[in-house]
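**Q** Given next are the chains, with one letter for each unit.
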Amino acid sequence: MISAALFKREMKSGWKLLLIFSAVLTMYGVMIVIMFDPKFMDGIDVMIQSMPGLMALFGMGESASSLTHFISNYLYGFLLQVFPLVFILIMANRLIARYVDSGSMAYLLATPIKRLRLALTQLLFLCFCIVLLVAYFTLLIILTGEAMFPGQLEIPQFLLLNLGLLGLLTFYAGLCFFASAVFNETKKSNAVGAGLTIAFLLIQMLSNAGDKFSGLKYATPLTLFDIKGILAGDPGAVIGFLILYAAGIALFIAGTASFIRRDLPI
Amino acid sequence: MSVISVNNITKDYGNSRGVFNISFTVEDGEVMGFLGPNGAGKTTTIRQLMGFIHPDSGSVSINGMDCFTKSHEIQKSLGYLPGEIALMNDMTGMEFIRFIAKMKGLASLERAKELMAYFELDPRVRIKKMSKGMKQKMGIVVAFMQDPAILILDEPSSGLDPLMQNKFIDMILREKKKGKTILMSSHIFEEVEKTCDRVAIIRQGYIVAVDNIARLQKSKRKIFTVELSDRASAAAFAEKTGGTPDGENRVACAVSSDIDSFIKTLAEYPVVDLTARSQTLEEFFLHFYGGEAK
Numbered sequence: 000m001i002s003a004a005l006f007k008r009e010m011k012s013g014w015k016l017l018l019i020f021s022a023v024l025t026m027y028g029v030m031i032v033i034m035f036d037p038k039f040m041d042g043i044d045v046m047i048q049s050m051p052g053l054m055a056l057f058g059m060g061e062s063a064s065s066l067t068h069f070i071s072n073y074l075y076g077f078l079l080q081v082f083p084l085v086f087i088l089i090m091a092n093r094l095i096a097r098y099v100d101s102g103s104m105a106y107l108l109a110t111p112i113k114r115l116r117l118a119l120t121q122l123l124f125l126c127f128c129i130v131l132l133v134a135y136f137t138l139l140i141i142l143t144g145e146a147m148f149p150g151q152l153e154i155p156q157f158l159l160l161n162l163g164l165l166g167l168l169t170f171y172a173g174l175c176f177f178a179s180a181v182f183n184e185t186k187k188s189n190a191v192g193a194g195l196t197i198a199f200l201l202i203q204m205l206s207n208a209g210d211k212f213s214g215l216k217y218a219t220p221l222t223l224f225d226i227k228g229i230l231a232g233d234p235g236a237v238i239g240f241l242i243l244y245a246a247g248i249a250l251f252i253a254g255t256a257s258f259i260r261r262d263l264p265i
Numbered sequence: 000m001s002v003i004s005v006n007n008i009t010k011d012y013g014n015s016r017g018v019f020n021i022s023f024t025v026e027d028g029e030v031m032g033f034l035g036p037n038g039a040g041k042t043t044t045i046r047q048l049m050g051f052i053h054p055d056s057g058s059v060s061i062n063g064m065d066c067f068t069k070s071h072e073i074q075k076s077l078g079y080l081p082g083e084i085a086l087m088n089d090m091t092g093m094e095f096i097r098f099i100a101k102m103k104g105l106a107s108l109e110r111a112k113e114l115m116a117y118f119e120l121d122p123r124v125r126i127k128k129m130s131k132g133m134k135q136k137m138g139i140v141v142a143f144m145q146d147p148a149i150l151i152l153d154e155p156s157s158g159l160d161p162l163m164q165n166k167f168i169d170m171i172l173r174e175k176k177k178g179k180t181i182l183m184s185s186h187i188f189e190e191v192e193k194t195c196d197r198v199a200i201i202r203q204g205y206i207v208a209v210d211n212i213a214r215l216q217k218s219k220r221k222i223f224t225v226e227l228s229d230r231a232s233a234a235a236f237a238e239k240t241g242g243t244p245d246g247e248n249r250v251a252c253a254v255s256s257d258i259d260s261f262i263k264t265l266a267e268y269p270v271v272d273l274t275a276r277s278q279t280l281e282e283f284f285l286h287f288y289g290g291e292a293k
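If you read the sequences in order, they're chains A and B. So in numbering that gives the first Met the number 0, spot 157 of the first sequence is number 156, and the numbers just go up one at a time. So in numbering that gives the first Met the number 0, spot 294 of the second sequence is number 293, and the numbers just go up one at a time.
Hints in this document: simulated from the structure, not taken from any laboratory. One or more hints might be untrue.
Said to hold, decoys possible - Restricting the straight-line Cα-Cα distance to at most 20 Å, the calculated cross-link-like pairs of lysine to aspartate or glutamate (EDC-like) are: (1) A:11 to B:94; (2) B:177 to B:146; (3) A:11 to B:89; (4) A:227 to A:153; (5) B:127 to A:9; (6) B:103 to A:9; (7) A:15 to B:94; (8) A:113 to B:29; (9) A:15 to B:89; (10) A:227 to A:210; (11) B:217 to B:245; (12) B:193 to B:169; (13) B:127 to A:210; (14) B:128 to B:146; (15) B:101 to A:9; (16) A:7 to B:94; (17) B:69 to A:153; (18) B:131 to B:146; (19) A:7 to B:89; (20) A:113 to B:189; (21) B:134 to A:262; (22) B:219 to B:189.
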């Protein structure tokens with residue numbers, strides 16, 4: 000179904016990038032977990048009360064008394080939405096648009112491998128990277144949490160939160176892959192992929208900023224990743240991230256369909 | 000049945016760029032030259048044969064299979080050299096050759112190694128650091144390494160030095176003996192002349208002629224530039240031979256088959272210098288197809 004040779008080639012050229020992003024996430028993840036101090040939280044609460052707007056902007060406006068809430072607040076509210084997005088943007092753009100833009104797609108197509116198989120291989124590689132990134136981070140936080148504060152992390156909720164994050168990242172990946180498969184130039188592919196996702200993020204930040212803008216949350220699909228709802232076990236929040244998965248997959252299909260049919264300027 | 004068959008295809012990019020109502024065939028075991036000035040539509044035609052783009056109308060097929068929908072089947076027995084060499088810059092030459100060999104499902108790199116030795120290509124170099132000539136050799140190795148029955152080559156010897164160009168021509172002749180079907184675009188006359196059975200000539204998106212190479216050779220001329228000792232004899236010589244004087248002492252004459260009589264006429268004049276060169280393709284068009292070429 001996929002081309003093992005191509006998958007291996009992408010692995011060989013992409014592992015450094017994956018390593019760099021894993022390292023950055025490791026640093027932030029471990030740092031935030033270490034910072035958790037139940038007694039110290041009162042101090043943080045004071046800080047939040049003193050400048051509620053600024054903290055809310057980054058999705059950190061909730062007072063967090065448990066380790067699970069603390070982590071979801073300070074890591075999943077912003078950092079884990081943005082760093083993997085940058086990775087996805089770079090990777091998705093590399094996987095199709097870069098080959099078309101540089102012309103080396105000609106060599107990939109001058110083989111007995113169908114366009115559909117090429118696209119599926121690249122798609123699978125992108126998903127593989129994202130799953131690896133989320134799985135690694137989940138494990139890292141569980142291990143660090145258990146080592147520092149045994150028994151304090153609510154593991155089932157935390158796992159569900161990561162399943163939700165994976166939904167959000169699948170949606171990002173769908174959008175970026177679609178842009179990469181539809182456009183002939185990396186410039187356009189990047190502009191559309193990055194432009195849309197950054198716009199969604201900004202709208203989300205604004206909608207967090209105060210009641211005046213809270214209506215804006217309906218203007219960004221990122222609202223479907225509802226951290227508070229997931230931790231509270233709200234079924235609506237689960238449906239929310241399932242919709243993100245579905246939208247991501249729909250975009251994968253649309254991008255692939257365009258790529259296998261269209262004229263390529265190579 | 001023809002191996003390669005182009006049936007009345009049109010691909011219109013607007014501003015009269017593209018190809019219009021083009022038809023030709025390449026038969027089994029034939030070497031077909033595809034000649035035309037830059038921008039005439041050679042690469043646009045080849046892209047349709049490779050299944051990179053659809054024709055707006057008409058059809059292209061190889062071995063009876065549609066070039067777009069059955070591209071993966073066709074590629075099993077086809078070697079392709081793109082006109083613009085865009086390899087993967089993050090690999091070394093050898094890594095790239097191994098990778099493409101795997102993509103093509105080749106069992107052995109034996110032939111690739113033979114080809115690299117033949118063209119004196121060192122594949123350990125990073126592609127990013129390769130010269131234009133080295134990249135062209137890489138493209139040739141990749142196109143020929145599966146020993147395919149059909150070859151589509153877009154400007155195969157561009158970027159090669161004259162020694163390598165000759166080696167390339169020798170190789171094409173060997174492949175031809177083996178019965179390969181080859182379509183080769185070029186704007187170098189000599190290359191086409193030595194290797195091709197027939198030639199399709201394309202200009203501004205239209206096929207001007209599909210001809211036997213012998214007929215083209217007959218119409219091909221050499222340009223002699225003669226420098227004479229004074230302006231008066233230059234003028235007289237130009238009048239006698241129908242050459243074009245440059246206003247000084249030089250006269251340019253296009254001579255086809257009657258070189259003997261040209262030299263004998265020339266002997267009667269005070270010659271200071273004489274240079275001879277082959278016609279460029281553009282000059283050839285001007286002669287062969289009259290005022291059509293600009």
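**Q** For which of the previously enumerated hints does the structure constitute a violation, in increasing order of number?
**A** 8, 11, 13, 14, 17, 18, 20 and 21
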